[in-house]
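Colleague: Okay, here's what each chain looks like letter by letter:
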Amino acid sequence: MRPVPKYVGLTVLLAMAGFVALGFLSIRRDVDNLRVISQDNILWSATQMEVELLRFQLSMATLGVVQTEEALDTALDRFDILWSRVFMMGKGRVGELMRQYDEGHGSLAAISSYLEEVDPVLSSLDPHDTATIQAILAKLQALQQELRFYTLRVVRADTAASASLRDRIQSSSQTTGAISLAAVLLSVFALAMILRENRRQRHLVDMNRRLADSAELSSRAKSRFLSMMSHELRNPLNGILGPLALLGQSNLASGQQRLVDQAKSCGQSMLQMLAGLLDYGEMQDGRFRLKPEPFALTTLAASAGMSLTSDGASAMQIRVIPGTPERVCGDLDRIRQIIVHLCEYVLEATGPDCVELIFRHDGENLVIEICLALNMPAVDWKLDLLMGLGDLAPDQVSADALRPLIARGLIAACSGTLRLEGSDSGRRAIQVKIPAEVVAVSNVRVLLETRSVALATIYKAGLKSERVVFVDEGDTGPADIVLVDIGCIGEETLMARLRGANPDALFISLGLPATPNAFDDVVESPSDMGRLRSRILDRMAS
Amino acid sequence: MSSPALIARRISPLILSAFFVLLLPQSEASAARPALVLSRPTPSGTETVEFSMAELEALPQSTIVTSNEFTDGEATYRGPLVLDVLEHLGLERAKSLRFIAANDYYVDIPASDFRRYNAILAMEVDGKKLGRRDKGPLWLMYPISDHAELRGDPVYITRLIWQVVRIEAQ
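For the record, the sequence lines run as chains A and B. Start counting the first sequence at 1; every next residue gets the next number (my numbering). Start counting the second sequence at 1001; every next residue gets the next number (my numbering).
Bound conformation, chain A alone:
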């Protein structure tokens, strides 16, 4: 179905506007005609003149009979009124029309002429002058006939004017009817066009929806495939990395050791990419979920540094700005992935002279800054690629852009922001802000139950911290964590006593116990101070 051309709609609109204008003008002309004809009604003036002439005639006849001064006054009064009627002619719009009706006949002209002639006679009329009165009456009789003819002319002219107006209004009404009919037809046409266009639009919407559904399905299938593939690849990769690690711990020649290290580095890098691809696939098909947990910023900094495998990573300076909260809440693994992808990309793509990774907290967000010192301005476009593909189509981008793509996706999933800052001196900074609440850390009370004082002293030295308070003999109050040396286990009365004295404490066995169920956590290797510190920090955060 072809779309309705725009000019058709414009033409219909213009035609409708034209019809409206024509209809309005037609009705306005009718109103003006009616207004003019009602103004042009001279019949009343003509008949009034005739009546006043008759009244004056009667008053003169009465004067001729009674011959009194009062009758003369009445006659003069009637004369004045007749005068005011007759001499309206020629004055104003009404007078002009009166004159037009008299043109070619001279009836009013004859009357006005006679009134002017008889005016001085009446002024000096003797009521007993019967001859003059009779002469005036005779003349008035003749003028009465003239005035009657004048009135008839006015009547006929009014009739003709009314007929003309009727014809004009009839013609106008026919025009208005034709215009209305045309407007209705045009409206029907416009309605048909609108319905046709509406049907076309709905068809297009349906088609677009089907295409979108198809594209969505295809995208989900690809994402799903990506997720499955990355998942399936990680298992054999771990199978490779494990033996490599064991091989690396054996006594190898330096050349072989270097090859093993290189294989390990590549494997780690591949593992990161697979983890990123897995997350990216989950983000694409909507299955991605964050796992926020309290973690120490030092842990994040250390694990990010350890995960970097590129050349130059070993020279990277990592530091946490003093005063930064010890622990925040966030998805540690995803944030580490963001850092690793960005840093690896920067190291591989730009080869900076100096890289610094800085962690701080601005009160609401965890702020990670990757500061670079560059000697090659030409690599700017590579840094710009961090912010997005720009005008490039996805198929125009090389595999280099994969890490920034994954990092941007993870940052967006964490509701964070990515910003690229620069200066003329060649220093550039990539700033990532991710919302992360500060986790309040309080002191934790630790009770050590060891078989010997020497062992307790070793643990105290290893776990020493400003936040850790060791409970000594004689201290009152329950402990938060009870570390129990497995050499003490077997004495059920001891465990019962400890549980009774520290009902809410976390019980951790130092070594593998015979009854693991009696403990909340087990540290199989008693010398694993890192694991112990992590458990203590988690307890502080909770």
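These are computed hints drawn from the structure, not numbers from a lab. Heads up, the beta-carbon is just placed ideally off N, CA and C, and yes, glycines get one too. Hints are not guaranteed to be accurate.
[Stated by the list, open to error] Footprint (simulated), chain B over chain A, 3 or more residues, beta carbon under 8 Å: (1) 75-84; (2) 87-94; (3) 346-358.
Here the structure of chain A is known, so what remains is to put chain B in place on it, guided by the hints.
Modeller: This is chain B only, laid out in the frame that chain A set:
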């Protein structure tokens, strides 16, 4: 509707009435007649107030500069406000008033017209007294030039009654 016979039928009552008016005793017609009579019906009959020309001239005078359908160009009309005249018989709040001319022509006008337009009973035009031959001595005049809705409106053309001799409350 506008045939000569019909016109004759319409004007014959006027001719007859004029005839009977003329047959009234001449003493009544010629007595010192007031310039204007106001009247209103009362339960006991009719209450009237009469004005001489001097009394009308003594009222506050207003001026209207306007054109109309019966004169050429604009003229300056002067006379008392109709509302001021009507107040003498408490007619300013009447719903409708009948203005009657010396030739028995009359027109009914809503009193609201006089509050809205400040019409006057013109006694002078361009400084000259209106005589009987000049549509005087009293000509009801609206400020037509000041109000677009009055110009050319046939209703207001008929309300410009001249030679006014009587105003009756309806």
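Colleague: Hints first: check each against the structure and report whether it holds.
Modeller: Okay, the hints, checked on the actual structure:
1. 75-84: holds (count 5)
2. 87-94: holds (count 6)
3. 346-358: violated (count 0)
When the structure is compared with the earlier hints, a violation turns up for hint 3 alone.
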